[in-house]
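Peer 1: Residue strings, one per chain:
Protein chains: 2
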Amino acid sequence: MPTYTAPVKDMQFILHDVLKASESDIPGYAELERDFTAAILEEAGKLASDVLAPLNTVGDTEGCRLENGVVYTPTGFKDAFEAMKEGGWNGIDLPEEYGGQNMPYVVGTAVGEVFVSANMAFNMYQGLTHGAINALLAHGSEEQKATYLPKMVSLEWTGTMNLTEPHCGTDLGLIRTKAEPQDDGSYKISGQKIFISAGDHDLSENVIHLVLAKAPGGGEGTKGISLFIVPKFLVNADGSLGARNAVSVGKIEEKMGIHGNATCVMNYDEATGYLVGELHKGMRAMFVMMNEARLGVGLQGYAQAEAAYQNALAYAKDRLQGRAVTGPENPGGSADPLIVHPDIRRILMDQKSFIEGARAFTFWGAHLIDRAHRLGDKDAEAMISLLTPVIKGFQTDKGFEMTIQAQQVFGGHGYIEEWGMSQFARDARIAMIYEGANGVQALDLVGRKLAAEGGKAALAFFEMIKGFIKENEGNEALKSDFLEPLKAASKDLQAAMMFFMQNGMKNPNAALAGSTDFMHMFGHVCLGYMWALMAKASAEALSAGTSDATFHETKLATGRYYMARQLPATGLHLARIQSGAEPVMALAADQF
Amino acid sequence: MPTYTAPVKDMQFILHDVLKASESDIPGYAELERDFTAAILEEAGKLASDVLAPLNTVGDTEGCRLENGVVYTPTGFKDAFEAMKEGGWNGIDLPEEYGGQNMPYVVGTAVGEVFVSANMAFNMYQGLTHGAINALLAHGSEEQKATYLPKMVSLEWTGTMNLTEPHCGTDLGLIRTKAEPQDDGSYKISGQKIFISAGDHDLSENVIHLVLAKAPGGGEGTKGISLFIVPKFLVNADGSLGARNAVSVGKIEEKMGIHGNATCVMNYDEATGYLVGELHKGMRAMFVMMNEARLGVGLQGYAQAEAAYQNALAYAKDRLQGRAVTGPENPGGSADPLIVHPDIRRILMDQKSFIEGARAFTFWGAHLIDRAHRLGDKDAEAMISLLTPVIKGFQTDKGFEMTIQAQQVFGGHGYIEEWGMSQFARDARIAMIYEGANGVQALDLVGRKLAAEGGKAALAFFEMIKGFIKENEGNEALKSDFLEPLKAASKDLQAAMMFFMQNGMKNPNAALAGSTDFMHMFGHVCLGYMWALMAKASAEALSAGTSDATFHETKLATGRYYMARQLPATGLHLARIQSGAEPVMALAADQF
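Respectively, the protein sequence lines represent chains G and V. Under this note's numbering, the first residue of the first sequence carries the number 12, and numbering increases by one thereafter. Under this note's numbering, the first residue of the second sequence carries the number 12, and numbering increases by one thereafter.
Hints are computed from structural coordinates only; laboratory data are not their basis. C-beta atoms are modelled at their ideal positions from N, C-alpha and C, and glycine is treated no differently. Do not take every clue at face value.
Unchecked claim - Beyond 12 Å from chain V on every Cβ pair, some chain G residues (computed):
1. Gln23
2. Asp28
3. Pro161
4. Ser165
5. Gln193
6. Gly230
7. Val336
8. Thr337
9. Ala463
10. Ile480
11. Ala506
12. Met509
13. Gln513
14. Asp528
15. Thr581
Claimed, not checked - Estimated spans, in silico, between C-beta atoms of each pair:
16. G/Lys262 / V/Glu54: 19 to 27 Å
17. V/Thr72 / G/Lys389: 23 to 31 Å
18. V/Lys57 / G/Glu78: 41 to 49 Å
19. G/Val81 / V/Asp559: 58 to 66 Å
20. G/Gly343 / V/Glu54: 57 to 65 Å
21. V/Asp559 / G/Ala257: 53 to 61 Å
Claimed, not checked - Straight-line distance between alpha carbons at most 30 Å, and here's what the computed BS3-like set of lysine-lysine pairs gives:
22. G/Lys328 / V/Lys262
23. V/Lys20 / V/Lys490
24. V/Lys234 / G/Lys490
25. G/Lys262 / V/Lys502
26. G/Lys328 / V/Lys20
27. G/Lys328 / V/Lys490
28. V/Lys502 / G/Lys502
29. V/Lys234 / V/Lys189
In isolation and in its complexed conformation, chain G is listed as follows:
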């Protein structure tokens, strides 16, 4: 059975040595001393290793079941959820007035990674609740907040997001679920929603569904959409649970992975719903919380890769097979461990250098969200808005690729379910699809974010990279291994943007045909930048005579690997982009 240990040291390195959290002017950051974050992350790690990780295979094997309209989660999930509630983990970064601890989002993100790595399907029950809470915080009335948030923050009640219908996912303008206004100000919601994660289960007393539906008079397409609260059990004035609402589970989907999470078809049959925010402004309410939700999915990408990597590494050190080409390294044994072989090293270094870079990128993103929310920093908001599709799309594509690599280390043992490596890949696969398929992320990036506010954030991004390179050009530890590759990759990215500007106006397909390549090269430049930041921090620690020289030397070597072997991918992506729309769009649909 696979195991998991929280990478506390690496997380602390990013929080304290790279982001220098406790020196920040963001409210709540000053308290983030090393001892404090260590205590939190180690505690989360204990829950993850001892309780959540052992249930990961159980969840995969048993799955959820629907019996007489009731959804049952796998053995052990109920107890684990109780432990999660008791630890107060859900509220760690939520407002104190609703029972949370109001810590920075970056702390919630680090803790989230630990739980997602240990058991992604399980953590989704909480993750969806967190998303619903954010929607209510941003758009709910005071009364709605008072009614729902305390119970949701404590996880006594959980939440869901209901967007997709059988005939539409990406194109929400096609939604058919209806909301009919009632005399008392409520609505009757009718329709079918599909792919509803954590749609129903036996972990909480109530499930608060947030549902997109069309109320009369809103016009065509997405303009007519509003957001509604539809509780599984109606809530009485005193906060106690009332009648069962007319919402039911049609079925639980059979999926490739995340079997431990109940992905439900939800049927609304004149269910009572309450409008959230303004009528016909439901899409806006959704978009507000998308940055955080998408960052959370981008996190799933590398968090699954982390769990898979830990097990692949252990196997590579343990499994004896073949001899090092440079001579036996385990002469007393029947063979050398797999890790002596260069191609196994390559696979492990690909994983390690991606995961550590992605972790830094994600924490940086969370830090930008903290700046935006806690300081009202508009530049930070514009920057995270630009980076969100990159974090989501790039990291889940790569993260999945890395789980496949980790599985490959096991050979045939990776293909059988016994070792758990298949599950990491099958679970990670969904992150490329939900919360906006990765092609849609690329479209959002190129079609919307890049040009937003006259390209302000994109220009700021390039200025930031340029500034960093200039500022450190005298730093010999960074120069040839980090700054020069970063400069070259950033130049590729700018050339791609230039190509879009020159050709996209005449033919928007010229930009969109390169959108996924652009998203990937953007991701590489971000990870290259993260590695340069991390290298700088490690070089400084070594100069200062750190007591943990091995950690920082390892960090530098891992960064060099990324810069030498991963970052040059920007050149390939640029070549593809510059080939334009013609090769992509040459065929008529019936020529395929």
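Guided by the hints, dock chain V onto chain G, whose structure is given.
Peer 2: Frame of chain G, contents of chain V only:
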């Protein structure tokens, strides 16, 4: 439920327009007229579409079961296997004296693709038998051939290959299964073998296991290994079935995919076995048939991609979602079909251009095997020996990637099992692992094949490419779109080989750290060459006023896509290779 239609037209294009089969001097090729191959492929296509494809999901859902020592295959497999037997499909490229039809291997390969696309797990029962037949043809005694081959060619009996043990897969030198010589010339075989595909089942009367084991006196490592026939039921002198042999199924593995095939743990408990070929020369016997077996797995890579692509394409044409950025293309409908979107096009073109290129590459490989076997052409044998790890490793890596892309077209519907897209990916995944994991293919390519006979085959490969480019340099239809990119990619490949030669002697890790990158760039150059050959054939057909101009124009456009957007990957692989061993090997094992 997914469907499948055999791509007969594309196969015929490769056989007749590109390989010009009927003009070849290879015995058996003259009969390959268009009408003849059409008849065969359409007949195979009918069986595939009507019988095998509908059982693909059944096999995945039901899997195989072991009850009281007996293995049962999924519902319908028995009838389908009878149809396969009746059609004589297994013997199509096997010798007439054992009941086969002695057609060229390239025909067997085309037919094999059809069956593998329709139902990979099912086709493995036959595929493994085919492999065992080849081993016996090459190394069995006349008596063994007479006893086993007629029944195996007709599929009354099936075959297996037993190599892997719990503690060793790649490193067969560690094998523990023992063979004790008996007075009557037979051996008693004892040990445990794992991951035995089609290890037991209810489709045939007898299962002929080919087992690697160590007989006394053979020395350490792979030198001591011999190959044995171990029949499930012993065979009497008159050919009838005798006593049950002491071989039993320990369990059926739970796997990520190919659930329809019984992957067995086989226990040999002093089972009666018969030596095949020379004592202690078992590895040599194995290696002889590896080229064909690995080509067959390389075929699985693109054949699964083909099946997945056909369904992704149908969905992309059918599913209405969003509007084309250049204006509605289905103004009367609620939205445009997915295929209008450039990023969906990109995904489909990636698949189409890879699959058609890989099909040509594989058929060319089969054609080389025909040259080697039927003409005794040593150059062809050296060439296919060089290309085999590329066909296996590159095509299964890419083929899997393409099934993931096809799944992505379906969004959330690709993740649920209902549409069958998850199965294509889960089934395709194994091809990267078995028959030598892809890292081992890369090692075989760089560590063995590249330098074999003084690099003769590699040099011949580059001469061939150079010759083709020179011969066609006046061809304006090919020049900028095909010849120039091919030249550039081939130059990258040569530069990589040069790097290995210059650095690999001092430090073998400098070559091995780049082995997978080299395998991939080699694959790209081969597909680029195939596309140049296909473009030439299509350009000629168009000049000659073909009646099917659309087919050939589509072919040219698809080729241009590959050359513009896939082939430039050689530059990235070269950059990685040239970064050398240092980034890959920098860390000590305990620094990970």
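Peer 1: Hints first: check each against the structure and report whether it holds.
Peer 2: A quick look at each hint next to the structure:
| no. | hint | result |
| --- | --- | --- |
| 1 | Gln23 | holds (18 Å) |
| 2 | Asp28 | holds (18 Å) |
| 3 | Pro161 | holds (32 Å) |
| 4 | Ser165 | holds (30 Å) |
| 5 | Gln193 | holds (29 Å) |
| 6 | Gly230 | holds (15 Å) |
| 7 | Val336 | violated (4 Å) |
| 8 | Thr337 | violated (6 Å) |
| 9 | Ala463 | holds (17 Å) |
| 10 | Ile480 | holds (20 Å) |
| 11 | Ala506 | holds (15 Å) |
| 12 | Met509 | holds (19 Å) |
| 13 | Gln513 | holds (17 Å) |
| 14 | Asp528 | violated (8 Å) |
| 15 | Thr581 | violated (9 Å) |
| 16 | G/Lys262 / V/Glu54: 19 to 27 Å | violated (40 Å) |
| 17 | V/Thr72 / G/Lys389: 23 to 31 Å | violated (53 Å) |
| 18 | V/Lys57 / G/Glu78: 41 to 49 Å | holds (43 Å) |
| 19 | G/Val81 / V/Asp559: 58 to 66 Å | holds (59 Å) |
| 20 | G/Gly343 / V/Glu54: 57 to 65 Å | holds (59 Å) |
| 21 | V/Asp559 / G/Ala257: 53 to 61 Å | holds (58 Å) |
| 22 | G/Lys328 / V/Lys262 | holds (28 Å) |
| 23 | V/Lys20 / V/Lys490 | holds (26 Å) |
| 24 | V/Lys234 / G/Lys490 | violated (51 Å) |
| 25 | G/Lys262 / V/Lys502 | violated (56 Å) |
| 26 | G/Lys328 / V/Lys20 | violated (50 Å) |
| 27 | G/Lys328 / V/Lys490 | violated (50 Å) |
| 28 | V/Lys502 / G/Lys502 | holds (25 Å) |
| 29 | V/Lys234 / V/Lys189 | holds (14 Å) |
When the structure is compared with the earlier hints, violations turn up for hints 7, 8, 14, 15, 16, 17, 24, 25, 26 and 27 and for no others.
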